[in-house]
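Take the sequence shown: its position 14, counting from 1, is numbered 14 in the UniProt record's numbering, and each next residue is one higher.
A portion of the hints provided could be inaccurate.
[To be verified] In silico DMTMM-like links for lysine to aspartate or glutamate, alpha-carbon gap of 20 Å or less:
{"no.": "1", "residue 1": "Lys-44", "residue 2": "Asp-119"}
{"no.": "2", "residue 1": "Lys-105", "residue 2": "Asp-59"}
{"no.": "3", "residue 1": "Lys-100", "residue 2": "Asp-119"}
{"no.": "4", "residue 1": "Lys-100", "residue 2": "Glu-174"}
{"no.": "5", "residue 1": "Lys-158", "residue 2": "Glu-31"}
{"no.": "6", "residue 1": "Lys-44", "residue 2": "Glu-72"}
{"no.": "7", "residue 1": "Lys-145", "residue 2": "Asp-46"}
{"no.": "8", "residue 1": "Lys-44", "residue 2": "Asp-136"}
{"no.": "9", "residue 1": "Lys-100", "residue 2": "Asp-59"}
{"no.": "10", "residue 1": "Lys-100", "residue 2": "Glu-153"}
[Unchecked claim] Beta-carbon label-pair distances, calculated as ranges:
{"no.": "11", "residue 1": "Ala-56", "residue 2": "Ser-4", "range": "49 to 55 Å"}
{"no.": "12", "residue 1": "Ile-155", "residue 2": "Gly-95", "range": "25 to 31 Å"}
{"no.": "13", "residue 1": "Ser-11", "residue 2": "Val-117", "range": "36 to 42 Å"}
{"no.": "14", "residue 1": "Gly-40", "residue 2": "Leu-166", "range": "30 to 36 Å"}
{"no.": "15", "residue 1": "Lys-44", "residue 2": "Gly-20", "range": "46 to 52 Å"}
{"no.": "16", "residue 1": "Pro-26", "residue 2": "Val-117", "range": "18 to 24 Å"}
{"no.": "17", "residue 1": "Lys-76", "residue 2": "Leu-166", "range": "53 to 59 Å"}
{"no.": "18", "residue 1": "Pro-26", "residue 2": "Asn-93", "range": "22 to 28 Å"}
{"no.": "19", "residue 1": "Phe-126", "residue 2": "Gly-168", "range": "27 to 33 Å"}
{"no.": "20", "residue 1": "Asp-172", "residue 2": "Asn-120", "range": "24 to 30 Å"}
{"no.": "21", "residue 1": "Thr-103", "residue 2": "Val-38", "range": "51 to 57 Å"}
Source of the hints: derived by calculation from the structure; they are not laboratory data.
No residue lacks a Cβ here, since even glycine has one placed at the ideal position from N, Cα and C.
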Amino acid sequence: VLDSEGNTNISGVTVVFRAGEQEQTPPEGFESSGSETVLGTEVKYDTPITRTITSANIDRLRFTFGVQALVETTSKGDRNPSEVRLLVQIQRNGGWVTEKDITIKGKTTSQYLASVVVDNLPPRPFNIRMRRMTPDSTTDQLQNKTLWSSYTEIIDVKQCYPNTALVGVQVDSEQFGSQQV
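Sequences are here, hints too, so could you generate the full structure?
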């Protein structure tokens, strides 16, 4: 995205256009379709959250998770960054396997969400879970509640959308936040 003088305002923007022809190519960067299941569940240190996946046709899973707030306040009132650690696990052959080991670092007084994608899924049905490795806060001085917002079952598919004009826009979100995952 450029300003009136041609300088970049927002980098990392990709736009794909299709005119609506009968025989048009699939839009690059939009090769999948997803079905999101909203959880909105707090993940506590001693209580992992587990769900069962039964859909036979999915290729990947996207886990969306985060913190309600992430800040540690000192006795003098200073607000400092903090961190929490989560594990995304899949049950394979009866045992839990860690697919993603995530540490969210930074400082925010509002909700922050991130996501990771897991490929190479086992035969269906199988269980997935989100596990918090950082002990829960026991004081108001440390705000670090973790949340499993949703998971998305993703199917890889290249759709052409014949006779349909479309514009697809992708924006690299890395430039808009100070949190690190």
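The hints, checked one at a time:
no., hint, verdict
1, Lys-44 / Asp-119, "violated (25 Å)"
2, Lys-105 / Asp-59, "violated (30 Å)"
3, Lys-100 / Asp-119, "holds (11 Å)"
4, Lys-100 / Glu-174, "holds (19 Å)"
5, Lys-158 / Glu-31, "holds (5 Å)"
6, Lys-44 / Glu-72, "holds (18 Å)"
7, Lys-145 / Asp-46, "holds (13 Å)"
8, Lys-44 / Asp-136, "holds (6 Å)"
9, Lys-100 / Asp-59, "holds (17 Å)"
10, Lys-100 / Glu-153, "holds (17 Å)"
11, Ala-56 / Ser-4: 49 to 55 Å, "holds (52 Å)"
12, Ile-155 / Gly-95: 25 to 31 Å, "holds (27 Å)"
13, Ser-11 / Val-117: 36 to 42 Å, "violated (23 Å)"
14, Gly-40 / Leu-166: 30 to 36 Å, "holds (31 Å)"
15, Lys-44 / Gly-20: 46 to 52 Å, "holds (50 Å)"
16, Pro-26 / Val-117: 18 to 24 Å, "holds (20 Å)"
17, Lys-76 / Leu-166: 53 to 59 Å, "holds (55 Å)"
18, Pro-26 / Asn-93: 22 to 28 Å, "violated (36 Å)"
19, Phe-126 / Gly-168: 27 to 33 Å, "holds (32 Å)"
20, Asp-172 / Asn-120: 24 to 30 Å, "holds (25 Å)"
21, Thr-103 / Val-38: 51 to 57 Å, "violated (24 Å)"
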